[in-house]
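Now for the letters of each chain:
There are 2 protein chains.
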Amino acid sequence: MNEFELIQRLTRSLPTNKSVVVGPGDDCAVLDFGLPDRLLLFKTDAVVEGIHFAPGTPAEKIGHKALGRCLSDIAAMAGTPAAALVTLALPRNFEPEFVEGIYSGMNALARRHDVAIAGGETTTNPERMLISIALLGSAPRGKSVLRSGAEVGDAIFVTGELGGSLAGKHLEFEPRLVEARWLAQNFSIHAMLDVSDGLAGDLPHILKASRVGAQLNSPAIPISREARRAAKAESSTKTPLLAALRDGEDFELLFTVASKDAVPLLDAWKAQFPNLELSCIGKITDGEGITIRDKEGVRPLSAHGYEHFS
Amino acid sequence: MNEFELIQRLTRSLPTNKSVVVGPGDDCAVLDFGLPDRLLLFKTDAVVEGIHFAPGTPAEKIGHKALGRCLSDIAAMAGTPAAALVTLALPRNFEPEFVEGIYSGMNALARRHDVAIAGGETTTNPERMLISIALLGSAPRGKSVLRSGAEVGDAIFVTGELGGSLAGKHLEFEPRLVEARWLAQNFSIHAMLDVSDGLAGDLPHILKASRVGAQLNSPAIPISREARRAAKAESSTKTPLLAALRDGEDFELLFTVASKDAVPLLDAWKAQFPNLELSCIGKITDGEGITIRDKEGVRPLSAHGYEHFS
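Chain order of the listed sequences is C and H. The opening residue of the first sequence carries number 1202 in this note's numbering; numbering runs sequentially from there. The opening residue of the second sequence carries number 1202 in this note's numbering; numbering runs sequentially from there.
For reference, chain C alone in the conformation it holds in the complex (with noise of 0.2 Å):
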């Protein structure tokens, strides 16, 4: 049994009660606690070592992924992050300096989007260090983006650059708090997530939960220099288009607009974020599955699609 099967047998009979407005399945969950103009966003994420980081990564990246994981969720929605809790599992022979070095790397993120570090806790991980964050934030009533809007027509669009992560931005990226606020205060954003398991991982999310398909432009996908560089290696074997679905932890915005918004956004978008690259990469369809476009015609990407193109 696999995570996702293990997920949905556990997810299938869940105590709820009134706070609940969206449970387990979108990015993070929706409570209402009763604020009349505002929702809570509820999250939670670990990183272990061996496994989300290798020993040896510096501290500070390893403490800035830790919370920039969760930060990304909260954007995924066009939330605001208002404070977490850290979790730290430590082997017993930790090193204080370490360990301080870890909530160096955590506390400057959390200060340039104004998160509260407000409590937690340290417990024992014999074997190796593991960090959950469980972090609360907050989206104007109506104004969280879920999985589920996307209509058939829309333009699907992602920001930056896919592809490579694991070359370093999976350990310095930025969670696009900013970009996803403007884009939900500005436009009528139908679906969002952020890219955490590659675009053929993560785009079947909104699928599914909008009951939809999708045709992607194989050109239009943005692909990073370090997935253009990693493919030149004469070790490999991935194309730079299969690196750039398949490569996780690339936390960019993946989202659909109505078709008619799509040239507006673009416009408005260079005028706002001319350091942020944003590219239209298809269009939500009618149907189940994605297809996606080339030179040579149109072919289907199964569910494990990107083994097509390796």
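Quick caveat, the hints were computed from the structure, so don't treat them as lab data. Not one of these hints is a red herring.
Chain copies aren't distinguished; within one or between two, either way the pair holds.
In silico lysine to any residue, SDA-like type, Cα no more than 25 Å apart, as pairs:
#, residue 1, residue 2
1, LYS1344, LEU1467
2, LYS1344, GLY1235
3, LYS1219, LYS1344
4, LYS1219, ASP1233
Since chain C is already given, all that's left is putting chain H on it; use the hints.
Frame of chain C, contents of chain H only:
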């Protein structure tokens, strides 16, 4: 460097913002999100296999304990829990039935207290299972009970019985949510926490936060049957009183009220909760530290005070 020293070092310069009413150092973080009548309570707590529960512990009890510990911290502030997120870090060869058992124990406890499980995540921790719970609740403005309000002359109370929790209670305890809210609604509770590290370990948190001392009345300390039974074992060198002072994970409420409220509180409690013991175990004093009075006189209880009794 021990856990306590590390936390002191880390919490010196954490980022904060206007949402934070109470940051690190109390049972929960207290946040102001602009609700007119309530403040939010925010808490995380983790249990680790081999540390907080033994390998072979029934899955349902692990789930109960993981959520129960967090609920107990909401109780310690006289709050009402609303929604939890569950982070499950699992070895790769986990048994799905075991994970379902964990959720079964957690869900049953959550339903009893009207807590939603609003999401979470699974990740990999190769060597052992770790469960981290993030919990969001609330308390009426001005009614969340901190550790810092104890006053000289206050009577010190504890619910239930202390010691011997490892015999089973640590996996089965019921968080004192109902009792704590009743206390805060009907009496002016000056300071409160839940006893997780033993009376001798936790009372100092109230004393330090309130800048007062305490005198305990040894015969009044409620010693559990399990602590007495363990003391009778041939190999035991631990007296029942030592167990009550030192054993952790009782998850009972420890609180102080003005001395004039002590008798009315005891009377009202007996009528309200006839099946749960409430004991007045001492008083808050001027100065620092804890003394303990028995038939032989008054002795100091040092920071590691239980050693006097071993």
